[in-house]
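Novice: The lines below spell out each chain.
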Amino acid sequence: AQSVTQLDSQVPVFEEAPVELRCNYSSSVSVYLFWYVQYPNQGLQLLLKYLSGSTLVKGINGFEAEFNKSQTSFHLRKPSVHISDTAEYFCAVKTPAGGSYIPTFGRGTSLIVHP
Amino acid sequence: DAGITQSPRHKVTETGTPVTLRCHQTENHRYMYWYRQDPGHGLRLIHYSYGVKDTDKGEVSDGYSVSRSKTEDFLLTLESATSSQTSVYFCAISEKGGEYNEQFFGPGTRLTVL
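Note that the protein sequences, when read in sequence, are chains F and B. Reading the first sequence from the start, the letters are residues 1 to 115 in this note's numbering. Reading the second sequence from the start, the letters are residues 1 to 114 in this note's numbering.
These are computed hints drawn from the structure, not numbers from a lab. Here a beta-carbon is modelled for each residue, glycine too, at the ideal position from N, C-alpha and C. Some hints here could point you the wrong way.
[Unchecked claim] Reference excerpt, derived from the structure (chain F facing chain B, CB under 7 Å, subset only):
| hint | residue |
| --- | --- |
| 1 | PHE105 |
| 2 | ARG107 |
| 3 | VAL113 |
[To be verified] Listed next, the in silico BS3-like pairs over lysine-lysine satisfying Cα-Cα at most 25 Å (straight line):
| hint | chain 1 | residue 1 | chain 2 | residue 2 |
| --- | --- | --- | --- | --- |
| 4 | B | LYS96 | F | LYS49 |
| 5 | B | LYS11 | B | LYS57 |
| 6 | F | LYS58 | F | LYS69 |
| 7 | F | LYS58 | B | LYS96 |
| 8 | B | LYS96 | B | LYS70 |
| 9 | B | LYS96 | B | LYS57 |
All chains should be built: construct the whole structure from the sequences, respecting the hints.
Specialist: Set out below in structure tokens:
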């Protein structure tokens, strides 16, 4: 079974500093990777996704992620964060396990941006 | 925003009572999902549906049942609620079930079982 590990449950950072949220997955087959963001008291919304092609993926709100097959990672980065980026971030992976592409989610990383 | 609504948005109930949560979509998407979100556990899949009357279990399906009689509605039922089912429940939809399609999430239902 596939699994997703988000290595940090909480990441505090000061405004305008860079940030990296880490995500590792366990799968030896083709993977399709997603990052979602959840603002307080809301549902999740898609930040970006990697399906194929360039390993550097750009998303909304200035976020980007890099797919690294050898390290089975898909870390999320932003060069300069804002207070409004304070939210919960979830990494998700899809594989064709059993003919199904049901995504598996990580446990989430809480990004806390301080002024 | 994808047209997904969940009802009720908040509910407090007592142990042993039945509870039904409703997810309604206006996108005509084929796939619908129910997740629960708990601190330290992230999102865990309860059940999903790949078409009208077609459903399957997720990783935490015990104590839950679902029904989908129309494309737009996906119901989650707790037959006899327990305190361990206190959680925030999210419905999600996707146009297809393949690798390319992302999910769109509803606003969530906060359920408290006393």
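Novice: Looking back at the numbered hints, which does the structure fail to meet, lowest number first?
Specialist: 3
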